[in-house]
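Order-wise, the sequence lines are chains A and B. For what it's worth, this note's numbering labels the leading residue of the first sequence as 98, then goes sequentially. For what it's worth, this note's numbering labels the leading residue of the second sequence as 21, then goes sequentially.
Please keep in mind that the hints were generated in silico from the structure rather than gathered at the bench. Bear in mind that the values here come from a model prediction, so they are computed numbers and not experimental data. Cβ atoms here follow ideal geometry from the backbone N, Cα and C, with glycine treated the same way. Careful, some of the hints might be misleading.
Unchecked claim - Where chain A lies over chain B, by a calculated footprint (3+ residues, C-beta under 8 Å):
#: 1; stretch: 194–201
#: 2; stretch: 218–231
#: 3; stretch: 243–249
#: 4; stretch: 255–268
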Amino acid sequence: MPDALVPSRPDAQAAARQAALLGMWVFLATEVLFFGALFAVYAELRHAAPQAAAAASSHLYREVAIVNTALLLTSSYLVALAVHAARAGADARAARLLGRTAMLGIAFLALKGGEYAAEYHAAELPLPGLAVAAPGDAYARFVDLYIVMTGAHALHVAVGVGALLAARGWLRRGHSAGARRVEVVALYWHFVDIVWVFLFPLLYLVDR
Amino acid sequence: MSLAANARGDDYRAPGGLRTWLTTRDHKRIGLLYLVSIVVLFALGAGAAALMRLELLTPAGDLVTPAVYDRLFSLHGIVMVWFFLIPSIPATLGNFLLPMMIGAPDVAFPRLNLASWYLFVAGSAFTLATVLLGGVDTGWTFYTPYSTLFSNAHVVLAAAGVFVVGFSSILTGLNFVVTVHTLRAPGMYWRRLPLFVWAQYATALVMLLATPVLAMLLVLIVLERAAGIGIFDPALGGDPLLFQHLFWFYSHPAVYIMLLPAMGVVSEVIACFARKRVFGYRFVVAATLAIAAIGFLVWGHHMFVAGQSPWASAVFSALSFLVAVPSAIKVFNWTATLYRGRISFPAPMLYALSFILLFVIGGLTGLMLAALAVDVHLHDTYFVVAHFHYIMVGGAVSGLLAGLHFWWPKMCGRQYPEGLARVAALLLFAGFNVTFFPQYLLGYLGMPRRYHSYPAPFEGLNLLSSLGTLLLAAGYLLPLGYLAWSWWRGARAGRDPWRAAGLEWQTTSPPPAHNFASTPMVTREAYDYAGIDAHA
Numbered sequence: 098m099p100d101a102l103v104p105s106r107p108d109a110q111a112a113a114r115q116a117a118l119l120g121m122w123v124f125l126a127t128e129v130l131f132f133g134a135l136f137a138v139y140a141e142l143r144h145a146a147p148q149a150a151a152a153a154s155s156h157l158y159r160e161v162a163i164v165n166t167a168l169l170l171t172s173s174y175l176v177a178l179a180v181h182a183a184r185a186g187a188d189a190r191a192a193r194l195l196g197r198t199a200m201l202g203i204a205f206l207a208l209k210g211g212e213y214a215a216e217y218h219a220a221e222l223p224l225p226g227l228a229v230a231a232p233g234d235a236y237a238r239f240v241d242l243y244i245v246m247t248g249a250h251a252l253h254v255a256v257g258v259g260a261l262l263a264a265r266g267w268l269r270r271g272h273s274a275g276a277r278r279v280e281v282v283a284l285y286w287h288f289v290d291i292v293w294v295f296l297f298p299l300l301y302l303v304d305r
Numbered sequence: 021m022s023l024a025a026n027a028r029g030d031d032y033r034a035p036g037g038l039r040t041w042l043t044t045r046d047h048k049r050i051g052l053l054y055l056v057s058i059v060v061l062f063a064l065g066a067g068a069a070a071l072m073r074l075e076l077l078t079p080a081g082d083l084v085t086p087a088v089y090d091r092l093f094s095l096h097g098i099v100m101v102w103f104f105l106i107p108s109i110p111a112t113l114g115n116f117l118l119p120m121m122i123g124a125p126d127v128a129f130p131r132l133n134l135a136s137w138y139l140f141v142a143g144s145a146f147t148l149a150t151v152l153l154g155g156v157d158t159g160w161t162f163y164t165p166y167s168t169l170f171s172n173a174h175v176v177l178a179a180a181g182v183f184v185v186g187f188s189s190i191l192t193g194l195n196f197v198v199t200v201h202t203l204r205a206p207g208m209y210w211r212r213l214p215l216f217v218w219a220q221y222a223t224a225l226v227m228l229l230a231t232p233v234l235a236m237l238l239v240l241i242v243l244e245r246a247a248g249i250g251i252f253d254p255a256l257g258g259d260p261l262l263f264q265h266l267f268w269f270y271s272h273p274a275v276y277i278m279l280l281p282a283m284g285v286v287s288e289v290i291a292c293f294a295r296k297r298v299f300g301y302r303f304v305v306a307a308t309l310a311i312a313a314i315g316f317l318v319w320g321h322h323m324f325v326a327g328q329s330p331w332a333s334a335v336f337s338a339l340s341f342l343v344a345v346p347s348a349i350k351v352f353n354w355t356a357t358l359y360r361g362r363i364s365f366p367a368p369m370l371y372a373l374s375f376i377l378l379f380v381i382g383g384l385t386g387l388m389l390a391a392l393a394v395d396v397h398l399h400d401t402y403f404v405v406a407h408f409h410y411i412m413v414g415g416a417v418s419g420l421l422a423g424l425h426f427w428w429p430k431m432c433g434r435q436y437p438e439g440l441a442r443v444a445a446l447l448l449f450a451g452f453n454v455t456f457f458p459q460y461l462l463g464y465l466g467m468p469r470r471y472h473s474y475p476a477p478f479e480g481l482n483l484l485s486s487l488g489t490l491l492l493a494a495g496y497l498l499p500l501g502y503l504a505w506s507w508w509r510g511a512r513a514g515r516d517p518w519r520a521a522g523l524e525w526q527t528t529s530p531p532p533a534h535n536f537a538s539t540p541m542v543t544r545e546a547y548d549y550a551g552i553d554a555h556a
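Same shape as in the complex, but just chain B (with noise of 0.2 Å):
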């Protein structure tokens, strides 16, 4: 094997040739294949999301009509959802460290690795052509009876492309929970592994018990649609109600999925720039699969309006807030990682500061929506937008900028530049509060989502929402540009530029085909940062 990779350069990226891409098996080049999609669906979903935020600009709805309107927020919640939160730092960061952190030359099935890929393509393939024939208008959720009696729009192609993609999360999943299990080096114990590997072994879980139902579920909206199968539409005998106990109970678990991920990253990025060992690993391992395990049981606090049972609603009001708990533990854990360390700020430390901070905000947002009586005033108005974006965008983004900027070094053996890097982090930070937290003020005073005019009072707050967004373009572009300039042009980064502890660093960058010469033997805790600089 490493004969092999000797001949082939050293370099995972050789030889090149487009060929090799699409044909190859190797998990790094599968985790930049995927980089690359999720960016291409990052910008349809974000183009959708600059004309919403253009037409709200003013109160009369003068840009599109409300038709048009039902579809770009339909689109951008699926592709933003779907094609870009759940594989983003899945299917990129976690295919190209986890074999490394764990040293295994690969996952446990590399063909099923590409086949997911794949996968993800066609899917993306069919959200295309519901695109370009139309659109689809009812909304990321689907709900029924809307989506399979009333909508005239793609619903089916819409359905077949979520399917589709869904299978090659479960492929992620199912490799890394097998890879964990099977591929550790010798002396990766479980309780020495990075918190990065815990959150993606925990994120798979989530993926494989979940995704199921949501396939299931689509299968049946299909039928319903195309058959006249009758389960949730009541004019065919069926329960709406049901269809949304379903829905939820695959896509609340989805946001620990987007989640969980990004703060396996901010405990890499928070030990290494603060120097000290996680403070509490076992706790934050417990938390990380507290997290997934009761994300499963909190579903029905989406439905408080919908009329359930009420005894139902206060059962999931009280777990709901249940799941904080695990969340703060990590909070309060990163906090006091922090404490008494030598802290540098480069630009994955403000990245992984701005999702502390973010995602603070969003979960205490989140438990006031979690209290049945504020969420009946609350339910489908801004508020909500703005307390899931703050989770998803400025949570789930912020850790997967974090880690891109954390690993670049390693995926490509070039520095990112890292004055731009900081600017770029601070944009982003000062664009999404500005874009985003006016929508609580509008939640808060009334304004429903989903329509695309308002009341004139409304006009100040949405005016702010919208040049928001100008700086989180701004924050999102300029990565964009300086990450693919030093891709090529970049400064030569070291095997381990950070003096960081994971395994990954202990090879090469950027690192040959099968990761490592041979077989590495740990022999140390996952952040022996005292040791690493003792040494130094």
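The shape of chain A in the complex, shown without the other chains (with noise of 0.2 Å):
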């Protein structure tokens, strides 16, 4: 019957950071079927006309793409840095670290733009609003792809910024739960990260 009944858990913090982390690791397997969609979709295609896939990849700006991989890169090894110090209790330096990983965000961002900017300018592959005609449906696909991919991971970047700037503020206040937040929104950040490296050779390096 209703059997012993013990004191609420004297472990309370390692459960709420547990809860949050696990949390966070469910969301991004959402993710994970999110960008699927996406991937199911590319994979079609390559599988149907591998030809205009790589034509109309090879109009892309390979150089802009290599300087926001080495970004976010680099931001992924920021951020890491960012939860070891916060673990460590130095909450000042893992703040100053998650700024710099959120600059490193935006720039990617500033360049993804001016890359569709100047893809725009340009005026030679058919994207979505621009009267440019396709040399075949596999081509135009690939290049509506294209703007939906990096589009949703821009998106996510953006998010991913905010979400640095807020870990930031959360530790600057000295906020009691900031060591556990800075985790969760690295976890998220390495994801957007982890997304990009495989939108970067897929769509830039086709048949290079």
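Both chains are sitting in their own frames, so use the hints and assemble them into the complex.
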């Protein structure tokens, strides 16, 4: 029957951290499926029309994407250092590192925006809104997918930058859950980074 | 915590006032907010269905125009699938009971839980706006290229509503998974979890892994319609079959989002009213997880005549047969639980038994549809309509009503009127069969779905089906009336009126704000009815 009663758990902080991290992992699983739908569409396209994908891909600004890849990889390194610092209680250092991570994210977005602008300006690709005839259906779909995949990713980068800055604010104000939240935000940021690690070769390096 | 609960009068519903409800983080209150919301949305979907059955009373299309009929079945499908069936048991009974069943004070993320309800309300507002502005005519399936190229209805608005409500089910799923992992009371090992909790857990996994694909799909539809980004539309360089693959990758598992929770309810109810432990607990758990997993691998059986490769169709057909195995395991285990039990037949038990009967009929006809050659004949006929209504209405709604009656005394501390409830349960069972069994025959005879008129020879069976909805309506309205009445006026129910085994029955009815005065310690398996009755 109602069995023995025990007092509330003494390890409440550890339990809260475990729950928060698990919550983010579970959320990232949904994100994998969210992007997964696009990767499935992409796979079908590459299978059905490999040449068209390669032809469209060769018109993208590969150099910009390489710089952006470097920016995001560096930002992942910095956010990992921030987690390390926050765990060690070095809140000021962790906040500084989070700020720099966010700066790199903003730089990524700026470059990506410039890239979109240049693509529209050059008017070589059948981008949505441009009256450029595509040399085939698959070619047009690759370009549409490029916009949707990088657009969805950029949206995630923007959300991530916001989360990084929020975590920085919590640390600076000495929020009791600050260190835990830095870990959670860092997980999300690593995910955003990993999505790009897949997007970069799939979109920019077809047949190279 | 227990002090706070005492200060609030030991009833999670005190203090009252609309504001305390709209800002609550109590999982029990959120469950009730959901319950009221889905009843409203159910009424909307049922109203559309009633108009459809009224139109189909006679062969001629004399009540509504074809365009209006298209909007009626689209509204009915969208509302019933996303705004009623998907959230039905998880967001109401699941929210209310899951933390109590594992001995937790609340879900892991109470604020996200409230946010989930607000997202549901926002999604409902989009849907309501769609209706008021003239509706949507794509069916609940939003098939391209019709939805992106040809339809003149409010596709973007309707898709936005479904997109938003999708996130409400993702948040519910996320909460359930993390809650079960991190907030089980001491001694509540995985092998002691009630089967209702296992069912919610498996459902949550499906919600989490399927819904994002639907979300992305709806984004792509809106982008295609609004910005000319052509992923599916052949005129824009897209592939419409791709849409169907992705749509059913979500929408087939969605059937298990509706069904698994009802199966969880039935396991609890059968065990309690047979006074026996559930036969083969571990097999039921394994079957629950297997249904969730295999459910992800069968989507292609919706596309046998859509032009996919015959090899793919053969594989999807075989996998669809496979999902019947864990489903059958469950039915056999419930039957074996009943065997030599001391069975009583209060209303929850009647609903649970009608679940089993209707689910078996719906499941077996599902096997017929999974067979390649048979499906070519039956595809897009009323046979399919009857099949999924047996699963989704006969199954999921019977399960919801079984659970509502079973846990009603826990939710409000009062008992519903038993005699009326039994009448309602029988009425619903009869009304359901009179409404939907003729549709199997109509479909087999070749009547296609989604038409507002039909050839004269189909009139008799359609008349029967339409008349059945009268019984069905009475079967819905009766519980609505007496449950609402008993919320305030019913006879007081004690802590544990059914002498049931779950942890939720150990606390008072209605429970205090934090469920338990202090964290319970679990020392026995989930269905120790022999132990309970030995003490009585």
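request  = Kindly indicate which numbered hints from before are broken by the structure, ordering the numbers from low to high.
outcome  = Structure breaks no hint.
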